[in-house]
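Listed below are the residues making up each chain.
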Amino acid sequence: MSWASPEDIYLSTSLASYLDKKLLVLLRDGRKLLGTLRSFDQFANAVLEGACERVIVGEIYCDIPLGLYIIRGENVVLIGELYTCTFLLIDFVLIDKDVDKEELPPHMTRVPEAEIRRAQKAEREATDLKGTMRKRMEFLDMD
Amino acid sequence: MKFSSKLSPNSDAAKVVSPFSSTTHFHLRRNRTIAAKDYREHSDLVGREVTVELKNDLAIRGTLHSVDQYLNIKLENTRVVDEDKYPHMRSVRNCFIRGSVVRYVQLPPDGVDIELLHDATRREARGG
Numbered sequence: 001m002s003w004a005s006p007e008d009i010y011l012s013t014s015l016a017s018y019l020d021k022k023l024l025v026l027l028r029d030g031r032k033l034l035g036t037l038r039s040f041d042q043f044a045n046a047v048l049e050g051a052c053e054r055v056i057v058g059e060i061y062c063d064i065p066l067g068l069y070i071i072r073g074e075n076v077v078l079i080g081e082l083y084t085c086t087f088l089l090i091d092f093v094l095i096d097k098d099v100d101k102e103e104l105p106p107h108m109t110r111v112p113e114a115e116i117r118r119a120q121k122a123e124r125e126a127t128d129l130k131g132t133m134r135k136r137m138e139f140l141d142m143d
Numbered sequence: 001m002k003f004s005s006k007l008s009p010n011s012d013a014a015k016v017v018s019p020f021s022s023t024t025h026f027h028l029r030r031n032r033t034i035a036a037k038d039y040r041e042h043s044d045l046v047g048r049e050v051t052v053e054l055k056n057d058l059a060i061r062g063t064l065h066s067v068d069q070y071l072n073i074k075l076e077n078t079r080v081v082d083e084d085k086y087p088h089m090r091s092v093r094n095c096f097i098r099g100s101v102v103r104y105v106q107l108p109p110d111g112v113d114i115e116l117l118h119d120a121t122r123r124e125a126r127g128g
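Chains as they are written, first to last, in this note's numbering: chain A, 1 to 143; chain B, 1 to 128.
Looking at chain A on its own, in the form it has when it is part of the complex (with noise of 0.2 Å):
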């Protein structure tokens, strides 16, 4: 029997190599939660420190704070390793701007969580409408 060496980990599927780095993770519903892994196990749970939620709708978005997450593996759909360019953190011009910014399309815009909440809302809105418009012209049968 051969021991593992410990680099064995960034040749294996496991999140070992993810632990102590800001990834996005992605949820079943939807959901995308940002936030150091701390810990996991062979499930994919994992313990998420200093959670965010990402919300976007349409060009805006924002970053809601959770706190110290524990989530159900079952739940996980995708973990993802951030990206950040290393040089704009050593770029002083840069490093005034939103560090977060650069993780998503430059026309994105961070907004409050009120106004968020109220996109949101109008979108669910919106959808639910569609769907029930849809629902009333089914006897028209297009398709």
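Heads up, a few of these hints could be off.
[Said to hold, decoys possible] Short, incomplete list of chain B residues facing chain A, as computed with Cβ under 7 Å:
1. Ser-66
2. Asn-72
3. Lys-74
4. Pro-87
5. His-88
6. Ser-91
7. Val-92
8. Arg-93
9. Asn-94
10. Cys-95
11. Phe-96
12. Ile-97
13. Arg-98
14. Val-101
[Unchecked claim] Think about it this way: if two alpha-carbon atoms lie no more than 25 Å apart in a straight line, the pair counts; the simulated DSS-like pairs of lysine-lysine are:
15. B/Lys-55 <-> A/Lys-130
16. A/Lys-121 <-> B/Lys-85
17. B/Lys-85 <-> A/Lys-22
Since the hints were derived computationally from the structure, they do not count as laboratory data.
All values reported here derive from a predicted model rather than from experimental measurement.
Every residue gets a Cβ at the ideal spot worked out from N, C-alpha and C, and that includes glycine.
Could you slot chain B onto chain A? The hints should help.
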């Protein structure tokens, strides 16, 4: 027995469950079949470009880094096929995908040796 006889004729990418064992086979486009359980087959594909389609219709293309027995997949240099629809995925370059949410893995057409795979499947079907 040919696996093609088990495929529904109108789907070009159907998931096929082998009648012989609990092995799940993925019948991929262009008649490529892969035994998911025998994930060592995938190891030939480590380093190749694959597209992983998830049950939530998100399709991610990237270099296969590793696969395990649950079909958990790690991809590198990922990009989402429909990037405008998923802006939050722009910042993700490396990712871990939980096997339970995978619908298809689209392999490169030359990625699988069909003869070898058929032999391995028959061997497994015989139980050794």
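| Failing hints, ascending? | Of the numbered hints, all hold.
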